[in-house]
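Trainee: These are the residues of each chain, in order.
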Amino acid sequence: MSDTTRTAALFGLVFAMIALTGTMQSWNVALLILNMGLISAIMALGVNLQWGFAGLFNVGVMGFVALGGLAVVLTSAAPVEGAWSAGGWRIVIALLAGAGTIVGTVMVRQRMAAGRARNIATIAILVVGFFLYRGIFDPGVAAVEAINPALQGNLGGLNLPVLLAWPMGGLLAAGVAWLIGKTALGLRSDYLAIATLGIAEIIIAVMKNEDWLARGVKNVVGLERPVPYEIDLQNTSSFVNRAEGLGLDPATASSLFVKLNYSVLFAIVLVIIFVMAQLALKSPWGRMMRAIRDNEVAAEAMGKDVTNRHLQIFVLGSAVCGIAGAMMTTLDGQLTPGTYQPLRYTFLIWVMVIVGGSGNNLGAVLGGFLIWFLWVQVEPMGLWLMEVITAGMPEGSGLKKHLIDSAAHMRLLTMGVILLLVLRFSPRGLIPEK
Amino acid sequence: MDFLNALVALSNFVIIPAIAYGSQLALGALGVTLIYGILRFSNFAHGDTMAFGAMLAVLITWLLQSMGVSFGPLPTALLALPFAILGTMALVLFTDRVVYRFYREQKAKPVILVIVSMGVMFIMNGLVRFIIGPNDQRFADGERFIISVREFKAMTGLKEGLAIKTTQGITVVVAVICVALLFWFLNRTRTGKSMRAYSDNEDLALLSGINPERVVMYTWLIVAALATTAGVLYGLDKSFKPFVYFQLLLPIFASAIVGGLGSPLGAIAGGFVIAFSEVTITYAWKKVLKYMLPESLEPSSLVQLLSTDYKFAVSFVILIVVLLFKPTGLFKGKSV
Numbered sequence: 001m002s003d004t005t006r007t008a009a010l011f012g013l014v015f016a017m018i019a020l021t022g023t024m025q026s027w028n029v030a031l032l033i034l035n036m037g038l039i040s041a042i043m044a045l046g047v048n049l050q051w052g053f054a055g056l057f058n059v060g061v062m063g064f065v066a067l068g069g070l071a072v073v074l075t076s077a078a079p080v081e082g083a084w085s086a087g088g089w090r091i092v093i094a095l096l097a098g099a100g101t102i103v104g105t106v107m108v109r110q111r112m113a114a115g116r117a118r119n120i121a122t123i124a125i126l127v128v129g130f131f132l133y134r135g136i137f138d139p140g141v142a143a144v145e146a147i148n149p150a151l152q153g154n155l156g157g158l159n160l161p162v163l164l165a166w167p168m169g170g171l172l173a174a175g176v177a178w179l180i181g182k183t184a185l186g187l188r189s190d191y192l193a194i195a196t197l198g199i200a201e202i203i204i205a206v207m208k209n210e211d212w213l214a215r216g217v218k219n220v221v222g223l224e225r226p227v228p229y230e231i232d233l234q235n236t237s238s239f240v241n242r243a244e245g246l247g248l249d250p251a252t253a254s255s256l257f258v259k260l261n262y263s264v265l266f267a268i269v270l271v272i273i274f275v276m277a278q279l280a281l282k283s284p285w286g287r288m289m290r291a292i293r294d295n296e297v298a299a300e301a302m303g304k305d306v307t308n309r310h311l312q313i314f315v316l317g318s319a320v321c322g323i324a325g326a327m328m329t330t331l332d333g334q335l336t337p338g339t340y341q342p343l344r345y346t347f348l349i350w351v352m353v354i355v356g357g358s359g360n361n362l363g364a365v366l367g368g369f370l371i372w373f374l375w376v377q378v379e380p381m382g383l384w385l386m387e388v389i390t391a392g393m394p395e396g397s398g399l400k401k402h403l404i405d406s407a408a409h410m411r412l413l414t415m416g417v418i419l420l421l422v423l424r425f426s427p428r429g430l431i432p433e434k
Numbered sequence: 435m436d437f438l439n440a441l442v443a444l445s446n447f448v449i450i451p452a453i454a455y456g457s458q459l460a461l462g463a464l465g466v467t468l469i470y471g472i473l474r475f476s477n478f479a480h481g482d483t484m485a486f487g488a489m490l491a492v493l494i495t496w497l498l499q500s501m502g503v504s505f506g507p508l509p510t511a512l513l514a515l516p517f518a519i520l521g522t523m524a525l526v527l528f529t530d531r532v533v534y535r536f537y538r539e540q541k542a543k544p545v546i547l548v549i550v551s552m553g554v555m556f557i558m559n560g561l562v563r564f565i566i567g568p569n570d571q572r573f574a575d576g577e578r579f580i581i582s583v584r585e586f587k588a589m590t591g592l593k594e595g596l597a598i599k600t601t602q603g604i605t606v607v608v609a610v611i612c613v614a615l616l617f618w619f620l621n622r623t624r625t626g627k628s629m630r631a632y633s634d635n636e637d638l639a640l641l642s643g644i645n646p647e648r649v650v651m652y653t654w655l656i657v658a659a660l661a662t663t664a665g666v667l668y669g670l671d672k673s674f675k676p677f678v679y680f681q682l683l684l685p686i687f688a689s690a691i692v693g694g695l696g697s698p699l700g701a702i703a704g705g706f707v708i709a710f711s712e713v714t715i716t717y718a719w720k721k722v723l724k725y726m727l728p729e730s731l732e733p734s735s736l737v738q739l740l741s742t743d744y745k746f747a748v749s750f751v752i753l754i755v756v757l758l759f760k761p762t763g764l765f766k767g768k769s770v
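Line order of the protein sequences matches chains A and B.
Residue 1 is where the first sequence starts when you use the working numbering, and the numbers rise one by one after that.
Residue 435 is where the second sequence starts when you use the working numbering, and the numbers rise one by one after that.
Where hints are given, some of them may not hold.
[Claimed, not checked] Calculated pairs, DSSO-like style, for lysine-lysine (alpha carbon to alpha carbon, straight line, at most 27 Å):
(1) Lys401(A) to Lys541(B)
(2) Lys627(B) to Lys766(B)
(3) Lys182(A) to Lys304(A)
(4) Lys672(B) to Lys720(B)
(5) Lys587(B) to Lys766(B)
(6) Lys720(B) to Lys208(A)
(7) Lys721(B) to Lys593(B)
(8) Lys672(B) to Lys218(A)
(9) Lys721(B) to Lys587(B)
(10) Lys543(B) to Lys675(B)
(11) Lys724(B) to Lys593(B)
(12) Lys400(A) to Lys675(B)
(13) Lys543(B) to Lys627(B)
(14) Lys721(B) to Lys599(B)
(15) Lys766(B) to Lys182(A)
(16) Lys672(B) to Lys208(A)
(17) Lys587(B) to Lys675(B)
(18) Lys720(B) to Lys593(B)
(19) Lys208(A) to Lys218(A)
(20) Lys724(B) to Lys599(B)
(21) Lys434(A) to Lys541(B)
(22) Lys675(B) to Lys218(A)
(23) Lys304(A) to Lys434(A)
(24) Lys766(B) to Lys541(B)
(25) Lys543(B) to Lys760(B)
(26) Lys304(A) to Lys282(A)
(27) Lys182(A) to Lys208(A)
(28) Lys721(B) to Lys672(B)
(29) Lys599(B) to Lys587(B)
(30) Lys182(A) to Lys760(B)
(31) Lys543(B) to Lys304(A)
(32) Lys541(B) to Lys627(B)
(33) Lys543(B) to Lys182(A)
(34) Lys599(B) to Lys672(B)
(35) Lys541(B) to Lys208(A)
(36) Lys543(B) to Lys721(B)
(37) Lys400(A) to Lys282(A)
(38) Lys543(B) to Lys434(A)
Derived from the structure by calculation, the hints contain no laboratory data.
In this text, all values refer to a predicted model and were calculated from it rather than measured experimentally.
Working from the sequences, and respecting the hints, build out all of it.
Mentor: Right, here's the structure in full:
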């Protein structure tokens, strides 16, 4: 079997499974899987850029996905009336003061000769800067959070179209990635992994606690969406007529139509990012990246700037994850910082890349679809399995109840087993790098 | 008097909790550092190994409690601990056999082993959730306090009270015993010495006839014991919740790296550095300052440098600062 037919067969298999879900369960479920599969594929492409192209071990994917979600609120939500005049500008000035402190510290450390004077100056700047920052920051936050706290209490957004939020999500993630890359990319692989793991946790902690930003754990709901609302469609006579012509009731038809709209939008983004990633991989730049990945020292000897190239691809990959995160928040229609968990948003994406085939864009896309499908479907499969296993047990036995209740946790187990099996028997993934 | 009150408040809210937390982190970081020293990779499954061990201890504790066995004023979990350690040892040896050994024989790159440990992490996490569920479980019993606030106030007549929880006392005592045993083992026994030799220079150790598989096996056994102990102590002190153990991974790694990966002494120091900084930076100092400062200067706010939710940020910043300025950690670890 040639490579192309193998790839086509694998993709065919995954889409056949999704279609089978449509006929056996419901098309609603199938489209939900497809939509999140598209988003997962984009996230996998982002991680593949960093790991597959450049060998950067980033386990902070969750943080960049969450930043994308934050960008949706900051871009498309309506501004909260009076929030900026009450304390918004104060917060901005405080943040600038904080940034200024850090820049000042770095400059002092660069300009002054090493010694006791430099250490004292560093500590003095940091301490004074911190209290200055808190002094400006706290009243501003209190003022903003006091505005209609039950519904708002945040700054709100720019009221721009929600589709603009997707590139904004990428930009926000890229900006933060640049800051992180500047400090952490010099570290060797294990340390970088721990550092990124920590950064993701910190980003989530900030989003959970800084209520003025996006209401923290109180969530922002009812975000604008780029597709029509189901209820509007059901009230449009032309849509109802066409649905009935197809033999569907308006409620089902409208929800399918909305999901299909999302699928088309997501597919467009996926294709654009995929083509760009493919072009990048085949360009001299992509070859240089792989050369750096395979032998950093040799690449450096050839005059390649390893640190800067690493920074570049770290920012690019994170931006792709940010775009995907913004798309996911748009699909959900709400930002819920409490739901971001590293197993789901970091390590699962890694499973996708490894299983699909790191270094191969098509592989990453396939992994995104396949693993997402399994992630959703393992639960009903596990439930079914447990019912088969427990069929012989007496009704009302504690073990039977426990086994059936625990079926939901099968998915983590399954993902671990899949990852280990692929790493052992097909370490280059389902569609290996050429 | 005011000074004494301030000191008592400080011990009650900062020093004692930080010592207990630091001991737990130190035990966890010792496990990470040993794996790094001998097997040469960062084990992402360590938090979930702790969760697995603690889960076994919880289950055995419940069994003992239902049989009417108790340990007097001490928590029953201490009786369950040896059995839980045996169970965890069986699990880690099994994972080493079916998972890690293959890559060791292949001489796979460390980063591949880290990814493999991610897979193990998924499986262990799923296993724990599958067996005991994702919810909070309380399994502490026996006396709650060594000294309670009321007793302390009656004893000393001070305005501030000092409480020492039994679990905090046990944590410190057990941690000291574990560390003493570990250092005795590493420094005095033949196996311990061969482990250190293998960690220092693999080729030289192989040349002098040290059996690598034996060294690896002993490492896993010790790591299982340390991880289970750390997990049980943390669970007794706070409460047992699978997800929390996963989150402990970050401060534990921070401790190990700050101390210097591969250095057991460093892991202990790192654990306390991280614990003390987390607690002091997220503690509201108002109570202590109230006693120390003249009335006119009394703070109006809580004087909390960062809210408690940012404790991860603290371990992280320390980690970054140490990595940037002293990449081998406080106690010269490896920096391969």
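Trainee: For each hint, tell me whether it holds in the structure or not.
Mentor: Hint check results:
{"no.": "1", "hint": "Lys401(A) to Lys541(B)", "result": "45 Å, violated"}
{"no.": "2", "hint": "Lys627(B) to Lys766(B)", "result": "19 Å, holds"}
{"no.": "3", "hint": "Lys182(A) to Lys304(A)", "result": "18 Å, holds"}
{"no.": "4", "hint": "Lys672(B) to Lys720(B)", "result": "24 Å, holds"}
{"no.": "5", "hint": "Lys587(B) to Lys766(B)", "result": "45 Å, violated"}
{"no.": "6", "hint": "Lys720(B) to Lys208(A)", "result": "25 Å, holds"}
{"no.": "7", "hint": "Lys721(B) to Lys593(B)", "result": "12 Å, holds"}
{"no.": "8", "hint": "Lys672(B) to Lys218(A)", "result": "26 Å, holds"}
{"no.": "9", "hint": "Lys721(B) to Lys587(B)", "result": "17 Å, holds"}
{"no.": "10", "hint": "Lys543(B) to Lys675(B)", "result": "33 Å, violated"}
{"no.": "11", "hint": "Lys724(B) to Lys593(B)", "result": "13 Å, holds"}
{"no.": "12", "hint": "Lys400(A) to Lys675(B)", "result": "23 Å, holds"}
{"no.": "13", "hint": "Lys543(B) to Lys627(B)", "result": "26 Å, holds"}
{"no.": "14", "hint": "Lys721(B) to Lys599(B)", "result": "21 Å, holds"}
{"no.": "15", "hint": "Lys766(B) to Lys182(A)", "result": "25 Å, holds"}
{"no.": "16", "hint": "Lys672(B) to Lys208(A)", "result": "22 Å, holds"}
{"no.": "17", "hint": "Lys587(B) to Lys675(B)", "result": "34 Å, violated"}
{"no.": "18", "hint": "Lys720(B) to Lys593(B)", "result": "15 Å, holds"}
{"no.": "19", "hint": "Lys208(A) to Lys218(A)", "result": "8 Å, holds"}
{"no.": "20", "hint": "Lys724(B) to Lys599(B)", "result": "25 Å, holds"}
{"no.": "21", "hint": "Lys434(A) to Lys541(B)", "result": "23 Å, holds"}
{"no.": "22", "hint": "Lys675(B) to Lys218(A)", "result": "23 Å, holds"}
{"no.": "23", "hint": "Lys304(A) to Lys434(A)", "result": "23 Å, holds"}
{"no.": "24", "hint": "Lys766(B) to Lys541(B)", "result": "25 Å, holds"}
{"no.": "25", "hint": "Lys543(B) to Lys760(B)", "result": "25 Å, holds"}
{"no.": "26", "hint": "Lys304(A) to Lys282(A)", "result": "18 Å, holds"}
{"no.": "27", "hint": "Lys182(A) to Lys208(A)", "result": "25 Å, holds"}
{"no.": "28", "hint": "Lys721(B) to Lys672(B)", "result": "23 Å, holds"}
{"no.": "29", "hint": "Lys599(B) to Lys587(B)", "result": "16 Å, holds"}
{"no.": "30", "hint": "Lys182(A) to Lys760(B)", "result": "17 Å, holds"}
{"no.": "31", "hint": "Lys543(B) to Lys304(A)", "result": "24 Å, holds"}
{"no.": "32", "hint": "Lys541(B) to Lys627(B)", "result": "23 Å, holds"}
{"no.": "33", "hint": "Lys543(B) to Lys182(A)", "result": "26 Å, holds"}
{"no.": "34", "hint": "Lys599(B) to Lys672(B)", "result": "11 Å, holds"}
{"no.": "35", "hint": "Lys541(B) to Lys208(A)", "result": "42 Å, violated"}
{"no.": "36", "hint": "Lys543(B) to Lys721(B)", "result": "52 Å, violated"}
{"no.": "37", "hint": "Lys400(A) to Lys282(A)", "result": "55 Å, violated"}
{"no.": "38", "hint": "Lys543(B) to Lys434(A)", "result": "21 Å, holds"}
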